[in-house]
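*Asks:* For reference, the chains in residue letters:
Protein chains: 2
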Amino acid sequence: MNDLLLRACRREVVPRPPVWLMRQAGRYLPEYRAIRARHQFLEMVTTPELAAEVTVQPVRRLGVDAAIVFSDILILPQAMGMELVFEDGVGPRFREPLRDEAPLERLRDPDPVRDLGFVLEAIQRSREILAHEVPVVGFAGAPWTLASYMIEGGGSKQFTHAKRALMQSPEWAHALLDRLATGVGALLKAQVEAGAEVVQIFDSWAGVLSPSDYRTFGLPYLAKSVRIAATAGAPVIVFALGAGWALEELARDTGADVIGIDWHTEAASARRRLDGENVALQGNFDPSWLYAPVPVIESRVRTMLEAFGSRGYIANLGHGILPDVPVEHARAFVDAVKAVGGN
Amino acid sequence: MNDLLLRACRREVVPRPPVWLMRQAGRYLPEYRAIRARHQFLEMVTTPELAAEVTVQPVRRLGVDAAIVFSDILILPQAMGMELVFEDGVGPRFREPLRDEAPLERLRDPDPVRDLGFVLEAIQRSREILAHEVPVVGFAGAPWTLASYMIEGGGSKQFTHAKRALMQSPEWAHALLDRLATGVGALLKAQVEAGAEVVQIFDSWAGVLSPSDYRTFGLPYLAKSVRIAATAGAPVIVFALGAGWALEELARDTGADVIGIDWHTEAASARRRLDGENVALQGNFDPSWLYAPVPVIESRVRTMLEAFGSRGYIANLGHGILPDVPVEHARAFVDAVKAVGGN
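Chains A and B supply the protein sequences, listed in that same order. Residue numbering for the first sequence follows our numbering, starting at 1 and increasing by one per position. Residue numbering for the second sequence follows our numbering, starting at 1001 and increasing by one per position.
Warning: the hint list may mix true and false statements.
Keeping only pairs whose Cα atoms sit at most 25 angstroms apart, straight-line, the calculated SDA-like set for lysine to any residue is [unchecked claim]:
(1) A:Lys338 - B:Arg1093
(2) B:Lys1224 - B:Phe1086
(3) B:Lys1224 - A:Pro30
(4) A:Lys157 - B:Arg1011
(5) A:Lys338 - A:Pro30
(6) A:Lys157 - B:Asp1213
(7) B:Lys1224 - A:Val90
(8) B:Lys1338 - A:Leu62
(9) A:Lys157 - B:Gln1158
(10) B:Lys1224 - A:Gly89
(11) A:Lys338 - A:Leu62
(12) B:Lys1157 - A:Gly89
(13) B:Lys1157 - A:Lys338
(14) B:Lys1157 - A:Glu266
(15) A:Lys157 - B:Lys1224
(16) A:Lys157 - B:Gly1320
None of these hints come from the bench; they were simulated from the model. Note that this is a predicted model, so its numbers are computed, not measured.
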């Protein structure tokens, strides 16, 4: 197997950095759109055959060094009893958001095998199709990110409901976050047991909290999820979008093997700040740079690789790939990492 | 006159830090909503009597040390010929966004006195009503923020149109940004000449660009606007939301008198990083903390004031006040600054 990703997670010497793209199984791929045209998003997520097919598409098309299972972070709250609605053009939302200290006893503690078997089966099927060609990455949302979705009901501009809950009902919020931390950890552990060689936690709304609030409501629960997940033995990547100020604390307090760097943070600064920590780094090409002409992409990849260095480094975007970038530009990004990184 | 703000901008010794709130003339005030119920937003902005009335409301209600003129950053692009539409619940948008290298000759270079006289008159009237009680703050949007609005057509989640323009048509973008930098500078200068004692530039979408892109497309044009505005002799505050990484560069490269700190950045870290620079600091109370009980607000104000210190500091929020916070909590914030800061 191409084990570049696993070796980079362990900070071993590698011939070149591994490369994959967050949200690589997505709408920028014509073969993804072809399947999406015939199926609803949630149907694709919950049907292992479809999810596995889409999971392996970017390996074929781009030659990336990992396949991330096609799924969604909101399947966990859904399994806890929150009814999820996907409407085209609006994005996912919960039919009944958690508001005003809604009784948490209503929420179930899901058993991943019984309640989320479809994602575990999607991982198994992806592995079969790939025949150990590249590792499969499992993932989940971080407790704070899931909690804010559950309270807001969906995406939000200012997250006023979620923030008001933290300020007005901190004990209720802590109880919710603790339930989520356990659930996230269990889901990640189950994904590793189903065959995922690496798992990533997305704290997509980390940047919505000020540093002191993130230390109170974000980091401790993220750390708990990582601790549970890590018992399964696979490397854990933590990606906290918009929390560049927290890199050192993410490395020290969560015990993650890899810290994802977003595109807001400068590569050289991230490397310098995490130099003494026992972690690998992943990131952080600005997704909008894939709009640039190919020679510009190549030149910026070179700059990024120089800043990160080749040891303990996974080349990736600094956030999910945008749905309207040309496939050839995504391919140019991957090729440039392989060409430059192999020198 | 209460000249605490002016003295803090000049980093003079003051008995206590001045305090005001970004977006303080806004929906959280019942007396604002009473006027807004009878008038459209744009009507209020362009009618000096209404704008002045709303401008002074927070001085009366909260006892803040400055009045910021009630206006909108998009009046400049509108005066350049972009038709602005305000729809309730949607926010402002331009009827015809600038796309695909739209010819920039179509845009006018507005004369502030002739084309934006309403904001200048609102400043004059506010000064008359306040009778020199507190200074009046003028403002404008930064070139990059205005350009991204003009290209997107309105608010945006990922700013894909604006970013694609930067990547695919950088020369066109530079030409647009340069036109805007001149216009922003001229508008701020005219506001000072009309009586504004301080001006602030809001780079509300600074955080939408990665550091290297902000250095290319944001900072140089922001600096040009500051240079032009500063010729009028009043202190200039620069507030670049989401660009906490850039504090030192904002201080050194723009020549601003005051650097606004957003709530993503820790107060102590901002103070430390700007310690050697010749600038005052403004900020940075998390607006969502105004949802918390009053004793929590008071305690966090104390922490903030200790971190910033009293010299060269203006107490403020770290972003605009949220529309649904209780007025008494806004008042508690102001009172706490006065009480703690006066000790």
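*Asks:* Decide if the proposed pair is consistent with the structure: Lys338 (chain A) and Arg1093 (chain B), CA atoms, cutoff 25 angstroms inclusive.
*Replies:* violated, 43 angstroms
*Asks:* Can you confirm whether the C-alpha distance between Lys1157 (chain B) and Gly89 (chain A) stays at or below 25 angstroms?
*Replies:* holds, 13 angstroms
*Asks:* Run the distance test for Lys157 (chain A) versus Arg1011 (chain B): straight-line Cα separation, threshold 25 angstroms.
*Replies:* violated, 35 angstroms
*Asks:* If you draw a straight line from the CA of Lys1157 (chain B) to the CA of Lys338 (chain A), is it 25 angstroms or shorter?
*Replies:* violated, 32 angstroms
*Asks:* Mind checking the alpha carbons of Lys1338 (chain B) and Leu62 (chain A) for me, to see if they're no more than 25 angstroms apart?
*Replies:* Not OK: Lys1338 (chain B) and Leu62 (chain A) at ~60 angstroms, beyond 25 angstroms, violated.
*Asks:* Would the hint linking Lys157 (chain A) and Lys1224 (chain B) be met if the CA-CA limit is 25 angstroms?
*Replies:* violated, 31 angstroms
*Asks:* Has the given pair, Lys1157 (chain B) with Glu266 (chain A), been kept, meaning a C-alpha gap of at most 25 angstroms?
*Replies:* holds, 22 angstroms
*Asks:* Lys157 (chain A) and Asp1213 (chain B) were given as a pair; does the straight-line alpha-carbon distance stay at or below 25 angstroms?
*Replies:* Holds, because 23 angstroms separates the two Cα atoms, which is no more than 25 angstroms.
*Asks:* Given the hint that Lys1224 (chain B) pairs with Val90 (chain A), does the C-alpha gap stay at or below 25 angstroms?
*Replies:* With Cα atoms ~39 angstroms apart, Lys1224 (chain B) and Val90 (chain A) exceed 25 angstroms; violated.
*Asks:* Is the straight-line distance between the alpha-carbon of Lys157 (chain A) and that of Gly1320 (chain B) 25 angstroms or less?
*Replies:* holds, 13 angstroms
*Asks:* Holds or violated: Lys1224 (chain B) with Pro30 (chain A), Cα cutoff 25 angstroms?
*Replies:* violated, 44 angstroms
*Asks:* Just to be careful, I want the Cα atoms of Lys338 (chain A) and Leu62 (chain A) compared with a cutoff of 25 angstroms; is the pair within it?
*Replies:* Measuring from Cα to Cα gives roughly 11 angstroms; hence the hint holds.
Hints 1, 2, 3, 4, 7, 8, 10, 13 and 15 from the earlier list are contradicted by this structure; the remaining hints agree with it.
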